[in-house]
Each structure stands twice: as structure tokens, then as C-alpha cells.
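Enquirer: Residues per chain are reported as follows:
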Amino acid sequence: MRGKYLQEKYTRIGNAPSPLLQAMSLEFQGTVADFLMLKTISYMGHSVTVNSSPSKEDWQAMFRALDLITDLDPRFWDPYVFAETMLAWQAGMFDEAAILLAKAVLARPDDYRPNYFLGFNSFYFQGDPAKAAPYLREAATRSNAPSYIQALATRMSVYGSQTMAAIILLEELVADTYDPLAKKQLSIRLETLKMLFSLEQALAKYRKDSGNFPDSLSKLVTSGYIKTLPEDPYGGEFVLLANGRVYSTSNLLRTK
Amino acid sequence: MNTIFAIASLTYKEGLKHRVLFGVLVAALFLMTGALLISGFFMRDIVKVLIDFCLSVTNLGGLLVPFFLTIGMLTGDRDKRTIVTILSQNVSRTQYILGKYFGLSLLTATIMCILAMATYFTLLGGSLLYGEYYFKSLSLYSVATSIVLSYVGISILNGVVFLWCTLTTTSFLATLLTIATYIIGHSIDDVVRFVESPPPGVTVATSIVKAVQIFQYVFPNLAAFDHKLTAAHGLAIPLIDSALLCGYGVSYIAFSLALSVIIFSKRDLC
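The listed protein sequences correspond, in order, to chains A and B. The first sequence runs contiguously to residue 256 in the numbering used here. The second sequence runs contiguously to residue 526 in the numbering used here.
Any given hint could be a false lead.
The calculated lysine-lysine pairs, modelled on DSS-like cross-linking and capped at a C-alpha distance of 25 Å, are [what the hints assert, rightly or not]: (1) A:Lys219 to A:Lys208; (2) A:Lys184 to B:Lys269; (3) A:Lys205 to A:Lys227; (4) B:Lys392 to A:Lys103; (5) A:Lys184 to A:Lys205; (6) A:Lys183 to B:Lys522; (7) B:Lys336 to B:Lys466; (8) A:Lys194 to A:Lys205; (9) A:Lys227 to A:Lys208.
In silico negatives: residues of chain B with every beta carbon more than 12 Å from chain A [claimed, not checked]: (10) Glu270; (11) Ile294; (12) Thr350; (13) Thr366; (14) Tyr386; (15) Gly409; (16) Glu452; (17) Thr459; (18) Ser507.
Read the hints as simulated data drawn from the structure, not as lab findings. Where a beta carbon is used, it is the ideal one built from N, C-alpha and C, also for glycine.
Only chain A is shown next, with the shape it has when bound in the complex (with noise of 0.2 Å):
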């Protein structure tokens, strides 16, 4: 029975019906949200130090549970970046954390960044700059918005941008975590996009001395634009694909 129990992969709670648990709450529903989003991260953290990925039907259970956790208070703004962080960027669940993060739009007005989320997913993620425009945009009138999102909104479509986004956004993630193994988990993907960018820079200016992308990435140390070809840190290999962007096997997840 204690093998039982300890191999229980998680919260049952998660499976409750959203108006059931609210009202079941009563006054505590702040509190309520916060046991279930602890559930969920270490749930996650878990997973993480043991090197495996969830499971699909993991994934859809996290989901459910931080729908639940935004139905319970809306305002609660980690859920919302386990969505954008896992949800997006790990499981590769866009629609899902679509359908979460246009909670935090209605509920964080005066918040920039559900919609700078929702609009980097849709550039980043799923090449879409047409969708991704009215969020930057929508994200840029807001008061606390940095000021390079609206230059972000109107520079999309230039391709050496798209990995720029994505360090300015994790920039920011990072300078905003404080538990330390998500800290780490995100500066490590940090570091990883800044090497794709500082490759995709070097390829830049080759194209630009010789006319043509070279025929592999080596190529780049014997002409002298890079010093060394940099290691993936989650264990892949950088490679050159026919238009001349740079793609890890890996896929920025960790593989052993």
C-alpha cells in the first residue's frame, strides 16, 4: 500500500469539476488555488530531476488542474507561466495555453504580458506573424509594456528577430523567477538560444561575404567567423538546414 501511494503520479483534485471545487472552497479559494498549483509544480519539478518528460495524459492533467487553478483566482499569475514555460515551450500544447493565457488577457488588464505571450507563441512557435501582430500590438498600450514591443510588433517579419523574441523573453522569465530550479531551467535555454543567435549572426555575415550559406557549420571555424562550434547544453548537435537557419537535434529538451 505504501508503494501504492507514494507511485501516485498525481493529483486526483485536478479532476474535480471547476464550479464544484469553487464552491466547495467556500472563502478559501485564494488558498485552494495555491495547494493545487504546489501540487502541479513540484509535480513538474519532479520530472524534471529525474530526467523523464511527462507522459501525454500528464500533460492534459496539468492542463485541466491549471484551468482549474485559474477558474479558482484568475489573477494568479504563475499558473500562467507554467502555461506559457511547459505547456508551450516543453509539450508543445499551444492551444492549451492559449485558451489559459486569454483568461490572464480578461483578468490582468493592465498586464502586458499575457497578451506578449500569446503573441510570441504565435510568432515563435507556430510562424504566424499575421496572429501574432494584434497581440503586440494590444500588449504594447499597456503602461507597464517595455518599449521594444512595438518595435517587436513591426519588425516580426524580419527572420533574424525570431530568436531575438525569444531571449528577450527569456530574459525577462529569468530575471522574474525566484525558485531556483526553474531559474536554472530557464538560463540554461537562455544560453542555448543566444549560441543559435550568435551562430545565426556568424552565417549572417558569411552569406553576406560570399554570396551563398556554407555547406555545414564547421565551415564557419575554418573561415574564421566563429572560434569553436559550441556544445548544446541539453545534448544535441547544432546543425544547418537547407535555408540556412540552425536547429538542435535536441530540441532544446533534454535528452540523456
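Position chain B against the provided structure of chain A, taking the given hints into account.
Expert: Relative to chain A, chain B alone:
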């Protein structure tokens, strides 16, 4: 007035001697310390989690008075015939009810003040432990207003407990009615919203709609006094809203106590 003050003072001192009270306060302080440590597990909204926890503990501390002390003291006075001794000392039934109520309200205020101070020091500790950056949205004014409104809500519940104790003959029944009042008070808003605009495909019987609409005005709307989430997110609670809520609270308490006095006056204590 002197008689009411004397009964209030005796009730207050009797409440302070209660050992359960001391244990609850110690447990609450431990819980708040735990909140300081647990909030570090969260990524960003550390101050929101800390305030959620501290205000919940403050509220629970205040709720112990109506659920345990008020019912225990009132039914205890009746069962031990202490009330006969008090009333034989030229104390009217009205003075007894009002004196007891003010004494228990003062006790609730004392408990919530102690827990409010613990909340303040917990938030101070949190800002030192995690840094000012995560406490930018903190508004002590909103936290204080939330505690005051919670106190008014609990005072309403205290008033209703007096009504149930004068109506019923056992402490068990009074406790059940108090729990029912608390649950109805906190969920009536959601129930009214549901019956007046049910989801598509759901039909609510007319009798249920009528019953809910009556309950809405008979039972106190305790959910209106819950501003913990507002305070946790550092949002302002408008002064006019607070004033209206306090006015509603005072009116409801006055009505409950008046009804209690009328029922108690006609009750045979022998």
C-alpha cells in the same frame, strides 16, 4: 450601560481563560511560519501566496469564536443554570444578550488583531527573505481592510449564533444551524447566479428559484465580506464599498440581536 459593560468584560475574561484559544494561537503562529517557507516554492507570486495563507489563518482564528466559544458559552450558561443566577442579579435579558455579544465580539477582535500582527511580521519576514522585488504589489492598506471586513462578517455570524441559541434547545442543533448559515452565506451569490441564468439545457423549478431568492435576503451574504483575493493581489478596496458593507453588517447584527432578545424574553428558563 454599566451592566452591559460588566457582562461584556466578564465574558471577555472568561474567553481569554479558554485553553483552546491559547492552543489555536500557537498553532496559527506555526502555520504562518510554515507559510513563509512554503511560499518560496512558488515562482513569482510569493506575496500573493503568503497573504492568501495568512489571511486564511486569520479568518479561521476568528471563526473559532462563533463555532466553538459562542455556542459553548451560551448553551453552557443555560445548561449549568448560570443564566438564572445572572438574571436574578437585576440584569435584564436584553442586557445579558448585548453584554455577551459585545464580550464575544471583543474576543474575536483580540484574536484577529493578534493574527493580523502575525501577518504583518510574516510579510516583513518574507520581504527580508525573498527580497523587495517580489513584494512590489503588497498593499498593507488592502490587507488591513480585508481583515476588518472579515471581522464584520464573523461578527454577523456571531449575531446569528445568538439567534440560533435562543431558538434551539441543544448546542448540537445550534452548531448545525451555524454551519448551514456559514455555508449558505458564502455560496448564496453563486447559487443565485446559477438559478437566475442556468446553463443551456438546464431547467430550474420555479419553486427552487423562489426559495433561493428568499434565502438571498434572509441569510447574510457573508461572501461579500471576503476580500482576501483582492488584498492578495494588492488591489484597492474602495472606501465606499467598505462603508456600505459595514452598514449592511451593523444592520444585520442589530436585527439578529433584536430578534434574539424578543425570543429570549419569552423563553421559560426553568
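Enquirer: If a hint holds in the structure, say so; if it doesn't, say that too.
Expert: A quick look at each hint next to the structure:
1. A:Lys219 to A:Lys208: Judged against 25 Å, a Cα distance of about 15 Å means the pair holds.
2. A:Lys184 to B:Lys269: This hinted pair is violated, its Cα atoms lying about 55 Å apart.
3. A:Lys205 to A:Lys227: This hinted pair holds, its Cα atoms lying about 14 Å apart.
4. B:Lys392 to A:Lys103: holds, 23 Å
5. A:Lys184 to A:Lys205: Given that 25 Å is the threshold and the Cα spacing comes to 32 Å, the pair is violated.
6. A:Lys183 to B:Lys522: violated, 68 Å
7. B:Lys336 to B:Lys466: violated, 42 Å
8. A:Lys194 to A:Lys205: holds, 17 Å
9. A:Lys227 to A:Lys208: Judged against 25 Å, a Cα distance of about 19 Å means the pair holds.
10. Glu270: With a cut-off of 12 Å, B:Glu270 remains clear of chain A, as the shortest Cβ separation is near 28 Å.
11. Ile294: violated, 7 Å
12. Thr350: holds, 32 Å
13. Thr366: Label holds. Min Cβ-Cβ 21 Å, cutoff 12 Å.
14. Tyr386: With a cut-off of 12 Å, B:Tyr386 comes too close to chain A, as the shortest Cβ separation is near 6 Å.
15. Gly409: Per Cβ check, B:Gly409 is inside 12 Å of chain A; nearest 9 Å; violated.
16. Glu452: holds, 15 Å
17. Thr459: With a cut-off of 12 Å, B:Thr459 remains clear of chain A, as the shortest Cβ separation is near 17 Å.
18. Ser507: Answer for B:Ser507: holds, closest chain A Cβ roughly 21 Å.
In this structure, the earlier hints numbered 2, 5, 6, 7, 11, 14, 15 are contradicted, and the remaining ones agree with it.
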